[in-house]
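K.L.:
For reference, the chains in residue letters:
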Amino acid sequence: MAISLTVNGSPLTLNVPGEKPLLWALREDANLVGTKFGCGIAMCGACTVHVNGEATRTCVLPCSAVAGKEVTTIEGITAKGLNAVQQAWIEMQVPQCGYCQSGFIMAVTALLDKNANPSDAEVEAAITNLCRCGTYPAMRKAIRRAIELMKGGAK
Amino acid sequence: MNAPSKKPKSSFRRKFLIGTAWVGGGLAVAASVGGALAWRRVSNAQKFMLPVDHAKGESSFNAWLKIAPDSTVTVAVPRQDMGQGIYTMLAMLVAEELDADWTKVKPEQAPLNPVYGNMTALVDGAPPAMKSMVGMVSKVLGLQATGGSTSTRDGWMPMRVAAASARAMLLAVAAQKWSVPASELTIEKSIVMHKKTGKRAPFGEFAKEAAALTPPANVSLKSQSEWKLLGTSPPRTDVVEKSTGNAQFGIDVRLDGMLYAAVKHIDLVQGELQAVRWKSGAAPKGVLHEVRGSDWFAVIGASYWSMQQALKDVELVGGGATAVMLSSSRLAEVYERVLDGQDGDLSPIAKPLRRTFAEKGNTLRMIAGTDVAKRVEAKYSVPFLAHATMEPMNCTARIRDGKVDVWVGNQAPTIVQWLAASAANVSGDNVTVHTPYLGGGFGRRSDMEVVRQALACAKVTGGKPVQVIWSREEDVKHDAYRPAVTCKMSAAFDEKGGVGAWYHAIVGPSVTKAFIKRLNPMLAGDDPPDKTNCEGAAEAPYRSAFANFQVDHAQVDLPIPMGYWRSVGHSFNAFFVESFVDEIANALNKDPYLFRLELLKDEPRFAKVLNAAASAAKWNTPLSPIAGGKVGRGIAVAESFKSIVAQVVDVEVIGKQIKLRRVVSAVDCGFALDPENVKAQISSAAIFGLTAALKGKITLKESQVEQNNFNDYGLLSLAEAPEFETVIVNSGDALGGIGEVGLPPVAPALANAIFAATRKRLREMPFVM
Ligand code: FES
Ligand code: FES
Chain A
1 MAISLTVNGS PLTLNVPGEK PLLWALREDA NLVGTKFGCG IAMCGACTVH VNGEATRTCV
61 LPCSAVAGKE VTTIEGITAK GLNAVQQAWI EMQVPQCGYC QSGFIMAVTA LLDKNANPSD
121 AEVEAAITNL CRCGTYPAMR KAIRRAIELM KGGAK
Chain B
1001 MNAPSKKPKS SFRRKFLIGT AWVGGGLAVA ASVGGALAWR RVSNAQKFML PVDHAKGESS
1061 FNAWLKIAPD STVTVAVPRQ DMGQGIYTML AMLVAEELDA DWTKVKPEQA PLNPVYGNMT
1121 ALVDGAPPAM KSMVGMVSKV LGLQATGGST STRDGWMPMR VAAASARAML LAVAAQKWSV
1181 PASELTIEKS IVMHKKTGKR APFGEFAKEA AALTPPANVS LKSQSEWKLL GTSPPRTDVV
1241 EKSTGNAQFG IDVRLDGMLY AAVKHIDLVQ GELQAVRWKS GAAPKGVLHE VRGSDWFAVI
1301 GASYWSMQQA LKDVELVGGG ATAVMLSSSR LAEVYERVLD GQDGDLSPIA KPLRRTFAEK
1361 GNTLRMIAGT DVAKRVEAKY SVPFLAHATM EPMNCTARIR DGKVDVWVGN QAPTIVQWLA
1421 ASAANVSGDN VTVHTPYLGG GFGRRSDMEV VRQALACAKV TGGKPVQVIW SREEDVKHDA
1481 YRPAVTCKMS AAFDEKGGVG AWYHAIVGPS VTKAFIKRLN PMLAGDDPPD KTNCEGAAEA
1541 PYRSAFANFQ VDHAQVDLPI PMGYWRSVGH SFNAFFVESF VDEIANALNK DPYLFRLELL
1601 KDEPRFAKVL NAAASAAKWN TPLSPIAGGK VGRGIAVAES FKSIVAQVVD VEVIGKQIKL
1661 RRVVSAVDCG FALDPENVKA QISSAAIFGL TAALKGKITL KESQVEQNNF NDYGLLSLAE
1721 APEFETVIVN SGDALGGIGE VGLPPVAPAL ANAIFAATRK RLREMPFVM
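For the protein sequence lines, the chains are A and B, in the order given.
At position 63 of the first sequence (counting the first as 1) the number is 63 in our numbering, and the numbers step up by one without a gap.
Add 1000 to the 1-based position in the second sequence for our numbering, that's all there is to it.
Note that these hints are calculated values from the structure, not bench results.
Everything hinted at is true.
Label-pair distances were calculated between CB atoms; the ranges are:
id : chain 1 : residue 1 : chain 2 : residue 2 : range
1  : A       : Val60     : B       : Asn1730   : 42 to 50 Å
2  : B       : Glu1272   : A       : Glu148    : 57 to 65 Å
3  : A       : Asn15     : B       : Arg1254   : 14 to 22 Å
4  : B       : Glu1272   : A       : Val60     : 29 to 37 Å
5  : B       : Arg1254   : A       : Glu54     : 24 to 32 Å
6  : A       : Asn115    : B       : Glu1108   : 37 to 45 Å
7  : A       : Ala67     : B       : Thr1432   : 37 to 45 Å
8  : B       : Glu1702   : A       : Val60     : 24 to 32 Å
9  : A       : Lys155    : B       : Glu1702   : 50 to 58 Å
10 : B       : Gln1248   : A       : Gly53     : 22 to 30 Å
11 : A       : Gly53     : B       : Arg1254   : 25 to 33 Å
Selected chain B positions facing chain A (in silico; Cβ < 8 Å):
id : residue
12 : Met1082
13 : Pro1235
14 : Gly1245
15 : Asp1252
16 : Tyr1304
17 : Thr1389
18 : Tyr1437
19 : Leu1438
20 : Ser1471
21 : Glu1676
22 : Asn1709
23 : Asn1711
24 : Leu1715
25 : Leu1718
Since we're looking at a predicted model, the values are computed, not measured.
Cβ coordinates follow ideal geometry from the N, Cα and C atoms, glycine included.
Pulled out of the complex, with its shape left as it was, chain A reads as follows (with noise of 0.2 Å):
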């Protein structure tokens, strides 16, 4: 099957069967690794792009339901120079081992793209993904000096 959508600003066709989830297209069929693999039922986050500006976890999102969508993924911030809250993760030195940090991070941007400030609370109830180092620390630091960051005009 076909696919047609739009990954990183680029139109991509995809020949995948239609209910291949977008993580292992991304993975396997669009050499775009940035994004891993870590529970396959979406509980854990590491497969987190943006569909249409929104955090979405891939590993049970079939390709059928990403067709004529924008899908933005590590790989594609990136590319546009860092973002703020990579600014803030590498300031803060979050990553350990570094599996978790690409889908924490497409969490937290598209977290502080809709909402520039948000609580605490908000930001407990937002970033449900998991980090078996235990980086929760750094990341709360990160998270706030993110959001000053975007204050200061960083993208």
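Start from chain A and add chain B with the ligands according to the hints.
P.N.:
Showing chain B with the ligands alone in chain A's frame:
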């Protein structure tokens, strides 16, 4: 510093060794690596040169570092980075002695060579009786492994000596060129300078000639007061890659013509694969190869996802002699009987092996002779646990033209090489092990099951590389688990009302035996005592305060795959010891912090860390109350991997809900070489421990693991994580580990906090109100 000369290398070597191995900086240098071992390793490091990239004009100085004309320093890191920041740490050791510009220091995975073997892991891990077994494995393998929080301690001497030696060689060339004495030269951020004449040049300009010199017979290392980098926290070398999606993990390896394999194990946690049945009669379209393993089955095709789909259509029949039926409920009964000293009717478990790991005075007699009213007794237990590394198990292998390449996030490349060589029937020289970043390790990636599978798959693909990936379900159901352990503790008060006797009886398997057996059944012969069973219990910090002290262990062999899990035996023994000491304090009506201090009067290092945690946590300041719930504060302290950590946990209990408010830690790891990373590792390990305390549980029903994925084997989330505060106590003692040490005290500190809040004592993990 002696000037390097152009004497032939062989004549100086012996002198070099003797001269350098004992020259120390501000810390007790030879404490962690036996002197003789360090001595030998520096010698070997001089024989083996780190391979260079000729295109970049690099010059290799020894096994540990090379320098390019643009002054880029490449540091060979013979350990694996699973998030603990060891690439950064070991590169810092080299950068410090070289006074290199940190932005131009690049760590890279070291090639496989015996010179890098992890001696500290072996020395630390081996009780005298076990040395032969461990020694044999390590000798055969020249073990280049990461574990036991040993990496920094192990690299401490050889890597600094290697860098100091390169520094002397660089300065010798500069001195000759500028006709000035080498002793007048300094280096700052990779620039060599001569103050009197104002001459300056980046050291890369001298690298080629310097590397051709004979290394000096003696080098002195910087003293602690001269350090510029150590003791600070420069940016980690991997953080940008890991914040941009560019870091490559094993699962991200992409090769020309690469195929994917999906794996399914038999439903039983242990046993043999006896039959494979396709529900639709044959393998679905797209399956190019089928591979049958000992207890697993794999299908190979062009897409991992489609292979995973294909496996939904297969039924595996498992059984055989190694499949022993066991349920968690039965295991609990067996443990209970063993704990009560009854060794009959333990089926399907064999009679345990009973041993005493620590003994002082006559503990059993004193306890038996003390009135029940003057005794405290309690039983504790912990379940099996999975590691659940965020990156699922995977391995990519290619066997082509007598050469084998393996790409795998692993904690022991030497073992990978060994397995690959024997699987493909080639010599070790024909095997290349590529170690990308590890998406979590925690001990999981020292187990080699997935490597065997990838090699078996690579044998049938006609030279094409194949990437084996496990689903999360396979990972949860077929881990090498942290074992379930039970214990009984007893204390008897003496006439003065103090603790006169402490008795700790533990029931559990030997993880080391299970690990070695999985690696190679041939190596698991007899049953030497496994130090990890009783670590943290046999040397409980309070033992000096008790006239009678005994720790016994009943070793039961379990028909379940088991392996090392972050902090190993400390992960449960600290829970036992630190909960029980709290129970004694309560029985004596004493403040749990002050009672510990009392017991630690002859252990000043422990007392200092305990005090640091209590004062940072404002132990005596009441917690702010919450509506509809109770609040409490608990404390615990434990030594593991030669570091001491004390933690104070503040908790809120609302009905059945346990909410973590704050964890304050104090840590003495000798000296915090990278304080920010020390703090990050402490909170990381504490969150790992809190996850176990609140959520972790693997249970068996008829030898099948009942959990599946993160839905029923949960991890702590951002919302559930407490606030953290960590204070560092730089005692100047020998360096201790840091990757695991924040874990042991956190669960008992939480249990103690819950008790303080509710008067309910939780003796079983995970905690349920
Ligand atoms: S892999 Fe998609 S949520 Fe875990
Ligand atoms: S950094 Fe390792 S899982 Fe989050």
